[in-house]
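The numbering used here runs 193 ahead of the 1-based position in the sequence shown.
Hint data in this document are derived by calculation from the structure and do not stem from the laboratory.
A hint or two may mislead.
To be verified - Computed cross-link-like contacts, DSS-like style, restricted to lysine-lysine with a CA-CA straight-line distance of at most 27 Å:
#1 K311 x K196
#2 K311 x K247
#3 K247 x K231
#4 K247 x K214
#5 K311 x K231
#6 K265 x K247
#7 K311 x K265
#8 K214 x K311
#9 K231 x K214
#10 K231 x K265
#11 K247 x K196
#12 K231 x K364
#13 K214 x K196
As the list claims (entries may be wrong) - Quick list of the computed label-pair ranges, beta carbon to beta carbon:
#14 D250 x D203: 22 to 30 Å
#15 L227 x N260: 32 to 40 Å
#16 C229 x S202: 27 to 35 Å
#17 N279 x D199: 22 to 30 Å
#18 S252 x G277: 36 to 44 Å
For every residue, glycine included, the Cβ atom is placed at its ideal position computed from N, Cα and C.
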Amino acid sequence: MYKLSDVPSDQIRQYCFDLNKELLPPLTVMVQDLQCFKNHTVSLEVPNRAIVDKASDWSLEWNYYFNDEWRKEPCRFGVAFMDGANLCGLLLGRFDPRQSALRVFMLEGNPSSAHAFKGFILEIADMALQAASVQAGVSSIRIEQPTLETINLYERVGYSFIGGHPGYCLKVLSR
């Protein structure tokens, strides 16, 4: 697969769709091989309306952001963390070729006290983000507008908080 910077502008939508679709099955296999998921039917999937509707009572406004405008975004990237039919987490972002970054606008684990990915959403999301970034040839990952409660969590997995308005957490990828 080509790097995002090499893709003609009229083919970016298909490139990002294909990258998202092709990247998640091998990552699912990696996750399934982790000992903590041996008794679960976990998968990483491309979010769709039916999946996002399952997050309607979560703290973030998933239905607001998963709208027609976002679905038309040519450089979008998303991951649904599933255990069978149960939604355990969601991630929505987009590639930004001008900034050579994968920007994450929403990341949330299911607020339920018990689900297969409990305690692992951030680490597996970071793994998916890094794999997608390397595949697309972008040099950084930006978590946009993290809450005060989540900044320390992002820092634990290698992100740095960049202040300002709005602030973001940044991970620069080594090449």
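To see whether the hints hold, each was checked on the structure:
1. K311 x K196: This hinted pair is violated, its Cα atoms lying about 33 Å apart.
2. K311 x K247: The hint holds at about 17 Å.
3. K247 x K231: Holds - the C-alpha atoms of K231 and K247 are around 24 Å apart, at most 27 Å.
4. K247 x K214: Within the cut-off at roughly 21 Å; holds.
5. K311 x K231: holds, 14 Å
6. K265 x K247: Since the Cα atoms of K265 and K247 sit roughly 21 Å apart, the hinted pair holds (cutoff 27 Å).
7. K311 x K265: violated, 31 Å
8. K214 x K311: Holds, because 24 Å separates the two Cα atoms, which is no more than 27 Å.
9. K231 x K214: Since the Cα atoms of K231 and K214 sit roughly 24 Å apart, the hinted pair holds (cutoff 27 Å).
10. K231 x K265: violated, 36 Å
11. K247 x K196: Violated. K247 to K196 sits at ~33 Å, over the 27 Å cutoff.
12. K231 x K364: Violated. K231 to K364 sits at ~30 Å, over the 27 Å cutoff.
13. K214 x K196: holds, 16 Å
14. D250 x D203: 22 to 30 Å: violated, 39 Å
15. L227 x N260: 32 to 40 Å: Given a distance of about 33 Å, which is inside 32 to 40 Å, the answer is holds.
16. C229 x S202: 27 to 35 Å: violated, 42 Å
17. N279 x D199: 22 to 30 Å: Since the Cβ atoms of N279 and D199 sit about 38 Å apart, the hinted range of 22 to 30 Å is violated.
18. S252 x G277: 36 to 44 Å: violated, 23 Å
In summary, the numbered hints that this structure violates are 1, 7, 10, 11, 12, 14, 16, 17 and 18.
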